[in-house]
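K.L.:
Put together the whole structure using the sequences plus the hints.
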Amino acid sequence: MKAGADNAAQSASWFDPFTRWMLIIMFILLAAIFGAAKYMDTHHMQGGGTDDTVNAMASQVAHVQSHPFIDLPGDAQVGAFSVANFFVGMIIGHNWKKLFDTGQN
Amino acid sequence: MHIEDGILPVGAWSAWYGATACFVYPGLQEIKRRVRENLSYKPFLSMVGVAVFVISAMHLPVPVTGSCSHPCGTPLAAIIVGPFATAVISLIVLFFQAIFLGHGGITTIGANDFSMGIVGGISGYLTWRLLRRFNAPLWLSGGAAGFVGDVMTYLTSAFELALSLHGHVPLVRQWMIFFAGYGPTQFPLAIAEAVFTAAVLQVMYDRRPDLLPQLANGRGVHKTRKPARESNAEAGK
Chain A
1 MKAGADNAAQ
11 SASWFDPFTR
21 WMLIIMFILL
31 AAIFGAAKYM
41 DTHHMQGGGT
51 DDTVNAMASQ
61 VAHVQSHPFI
71 DLPGDAQVGA
81 FSVANFFVGM
91 IIGHNWKKLF
101 DTGQN
Chain B
1001 MHIEDGILPV
1011 GAWSAWYGAT
1021 ACFVYPGLQE
1031 IKRRVRENLS
1041 YKPFLSMVGV
1051 AVFVISAMHL
1061 PVPVTGSCSH
1071 PCGTPLAAII
1081 VGPFATAVIS
1091 LIVLFFQAIF
1101 LGHGGITTIG
1111 ANDFSMGIVG
1121 GISGYLTWRL
1131 LRRFNAPLWL
1141 SGGAAGFVGD
1151 VMTYLTSAFE
1161 LALSLHGHVP
1171 LVRQWMIFFA
1181 GYGPTQFPLA
1191 IAEAVFTAAV
1201 LQVMYDRRPD
1211 LLPQLANGRG
1221 VHKTRKPARE
1231 SNAEAGK
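Just so you know, the sequences run in chain order A and B. In terms of our numbering, the first sequence is residues 1 to 105. In terms of our numbering, the second sequence is residues 1001 to 1237.
These are calculated hints, taken from the structure and not from any lab test. Hints should not be assumed to be uniformly reliable.
[To be verified] Straight line, CA to CA, 25 Å or less: simulated DSS-like cross-link-like pairs of lysine-lysine:
hint	chain 1	residue 1	chain 2	residue 2
1	A	Lys98	B	Lys1042
2	A	Lys38	B	Lys1042
3	B	Lys1032	A	Lys98
4	A	Lys97	B	Lys1042
5	B	Lys1042	B	Lys1032
P.N.:
Right under this line is the structure:
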């Protein structure tokens, strides 16, 4: 009986309230991004960034060639963002736990 | 607002570096002072810094205009860690975005920090303070700060470009031409930033009001439930 109680105490739920809320918010955001991107795709919109648009406008006005400090080719940009976001998540999670953890989980 | 290398002339980007330094130096002083005063400030600052990094690199599609743009995160940062400290963390954020992600340039870090970290942060912070002074609810003050800070960031970027490149075209006209490149996509994202800023501030207040004394003045806070720490303490009695 006691062993069963210990096991229950040591078990962890798959979806604690925090995880559940984070997943719900993530899926809502991803669905919104997917919906927006799909709409743009079906209407043959470019979907380029406004930063690029305005940099191109400015280059045209100034008759110069602008360039970012580095230009990551192809999927390298996705890789760089993924690495950065992974560690951003770790750091935010680590500090969030230190500052806002309620001890309930 | 990530202006790239090669657009601004040397005199212009040097001047923006100088203007930014005028805010970064007091920012460093603010950080030193607040670290001494509050043990929680360091983890707050690092958490907010990486949050600004990812928020300001997060391109979201806006179907109305058929283009993508990103929020800033600096109005929220200015409310939580202070407007001058936000200038410092934005400078670091823009440096890493330039050298690793191909966002913006090195020569333009001063100009980009001035628009995002300084004008975006301070305008959001002042909006927040103004509305709180008139007892506006926390969510409304935070939301308005997010919206104003976001739009002001892009207005400033467009102004920086127009100031250097307007030539024979009237400055205001060139400014609005550049802002027209940002504005239609940025307004929906400014609304999203408003919602995000309001939600984060409310969650932080609900969980640890003691860490946010500037929020916890008891005026207009949306109290749906007791702060988590308080509830736990009562449950433990």
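K.L.:
Looking at the structure, which of the earlier hints fail to hold?
P.N.:
2
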